[in-house]
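Undergrad: Protein chains in written order, with the numbering used here: chain A, 1 to 339; chain B, 340 to 620.
Hints listed in this document are in silico derivations from the structure and should not be mistaken for laboratory results.
Values in this document were obtained by computation on a predicted structure and should not be read as measured data.
C-beta atoms are modelled at their ideal positions from N, C-alpha and C, and glycine is treated no differently.
Please note that a few of the clues may not be correct.
Pair ranges (Cβ atoms, derived) [to be verified]:
no. : chain 1 : residue 1 : chain 2 : residue 2 : range
1   : A       : K223      : B       : N546      : 29 to 39 Å
2   : A       : K223      : B       : T535      : 53 to 63 Å
3   : A       : W109      : B       : D614      : 16 to 26 Å
4   : A       : A39       : B       : D361      : 49 to 59 Å
5   : B       : D483      : A       : A228      : 55 to 65 Å
6   : B       : G420      : A       : F302      : 43 to 53 Å
7   : B       : D483      : A       : L269      : 49 to 59 Å
8   : B       : Y411      : A       : A228      : 45 to 55 Å
Straight-line Cα separation of at most 25 Å, PhoX-like style, residue types lysine-lysine; simulated pairs [what the hints assert, rightly or not]:
no. : chain 1 : residue 1 : chain 2 : residue 2
9   : B       : K602      : A       : K112
10  : A       : K8        : A       : K36
11  : A       : K214      : B       : K499
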Amino acid sequence: MKLLDTKKLAELASALKAKGWRVVAPIADGDCVRLKEWAAGAVLRLDEVPVNSAKEFLLPRSEVLARYRIEGNDFASEPVAPEAVKTVVLGARPCDAASLAALDTVFNWDYKDVFYNAHRAAVTLVTLACTSAMADDQCFCTSVGGSPDSTRGADAILRPAGGGAKLIFEPLTDKGHALAADAGPALADGEAKADRIADVPVRFSSEAVTEWLKSNFESPLWKDVALACLGCGACAYACPTCHCFDIQDEGSRKESVRYRNWDSCGLALFTLHASGHNPRPDQSSRWRQRVMHKFSYFPDRFGMLGCTGCGRCARLCPAGMAIAEVCEAIERASKVPVK
Amino acid sequence: MTDNIYLPTMMKIAAARDEAPDVRTFRLEFADPAERAAFFEKYRVGMFGLYGLPGAGESTFCVASPPTRTEYIECTFRRTGHVTGTLQDREVGQAITFRGPYGNCFPIEDWKKRNLVFVAGGIALPPVRSVIWNILDRRAEFGDVTIVYGTRTVADLVYKHELEEWAARGDVRLVTTVDPGGETPDWKGKIGFVPTVLEEAAPSSANAVAIVCGPPIMIKFTLPVLSKQGFAPADIYTTLENRMKCGIGKCGRCNVGKFYVCKDGPVFTLAQLKDMPAGDM
């Protein structure tokens, strides 16, 4: 087996960078840990779930989709290619990798999105199995079909060993093997036993939640859960599976750059019609959409949940809201006998 | 990259017509004949497009002309916001951008020999008008055609010259109405709300299909009338008008329940709508 001294993670990053990889890793950024591009001197931190998900390396926050020009009777466009450089996300979490199934599905179920697919092909995802030192109370992957050492969606997984002093590198796909070939001496042969993974308790039954949602579109619960929501959209931006986007054109009447930007169903403008009619006029209808989409509509349409239990939305919420708590409340409501 | 679906094509405004206050029709011609051929290969009545301008963005509206007329497409829209405002300021000879056609269509091939009842309100005649002309251009294949169309005032009626043309035809029954107070001294049509006028007009539901399009409040009160007249939920069609950005089932904006209005719609039957969360439309 291939082993890596945890202290030598920067050495591995450096070796990969020298081989032409863009290396993205969990890096100390002020007092938080953020997945961002590694450069020499960056402090790597594996002790916290990064505030952002790996999504932004597959679906950038803002991306140019087209450049075009109308000049009199002439229409011209410049070819636009996604900036899909060979990238490794080193030390994403299993909940990041689990989101790929949802993203792959949305961007390919009908039209195959060339931009997303270019990023997807260029990214190698190396996850880090979570031990108790790396997970926290907001983690609930085990409630949505995941686990702290799930390999689903990952190209390789790093399993902490020796109390976190070592990392076992386990390639899972061709991409993972290709990465190992570029890893240099930081990755050496050896033997170790993986540490015990984090004990993430099952907080709710997602089946019970999905079932309840089928017949509770009009439940008063939505009014209660949404009261604290500020409608800032941070939950959607932090979410590894949220993929809704806006398209904006910037430029003059002659020239335009078309951007795709992240958007959120939690924002009031998301569904507002030009007429003034808004199908989701208040925060409770928008919170309902968030939960319904992840736990009812997405499973109904695509056969999978739209939540991987990473807990990022809850860690980031300025109002202290947590989707897992909403799901717990739903499960409690589902157990109240119907009169 | 030729398969970039987000890159629009260019259309020239071949003609423009004011229909009603703030409502304007453009006749658009594809700048590139290959684009025109590709469009009409796919276009079926009920599909929509995204119309735009550089630096402004895109707005979604139906293609208001039928696939039986392949030299151009038409769109009719109200000046409502930034994009529709800047679009309306364009003049004949100038260019706009276009993406489409997107969405599903009215299954008119299944309607052959059946009677058709069109019910439209206000600015919602354009999506129905393309179906009407599609049917009238192939008149012999279909049964009776009844059109009930209402607006707030006489001035708000769109396609005024075409309403006259339909009224003059022996093979179309046209009932026009305006809301009480919206009439002019020489108004010859009905005075009353669309659902009431529809009830009075009492088109037979025998072997008939109803196509309804209008503001939510009109739809809400029209559907029970149609049900009372014996139209089955699977024989009542409407077209949803959700806000859209991508038009191709990705951006999530038009989601109603598990449906993408841009892909699964915009055309739905009442039977389908009953499975969708009404509070999200």
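Undergrad: It remains to establish, for every hint, whether it holds in the given structure.
TA: The hints, checked one at a time:
In this structure the hint that A:K223 and B:N546 lie 29 to 39 Å apart at CB is violated, the actual value being about 46 Å. A C-beta distance of roughly 35 Å is found between A:K223 and B:T535, which places it outside the suggested range of 53 to 63 Å. The hinted range of 16 to 26 Å is satisfied by A:W109 and B:D614, whose Cβ atoms lie roughly 20 Å apart. For the pair A:A39 and B:D361, the beta carbons lie near 55 Å from each other, so the given range of 49 to 59 Å is met.
Checked against the hint of 55 to 65 Å, the C-beta distance between B:D483 and A:A228 comes to roughly 57 Å, which is consistent with it. Separated by about 33 Å at the C-beta atoms, B:G420 and A:F302 break the suggested range of 43 to 53 Å. Taking the beta carbon of each, B:D483 and A:L269 are about 44 Å apart, not inside 49 to 59 Å as hinted. In this structure the hint that B:Y411 and A:A228 lie 45 to 55 Å apart at CB holds, the actual value being about 53 Å.
A threshold of 25 Å between alpha carbons decides the hint, and for B:K602 with A:K112 the separation of about 14 Å falls inside it, so the pair holds. For the suggested pair A:K8 and A:K36, the alpha carbons sit about 18 Å apart, so the restraint of at most 25 Å is met. For the hint pairing A:K214 with B:K499, the CA-to-CA distance comes to about 46 Å; that exceeds 25 Å, so the pair is violated.
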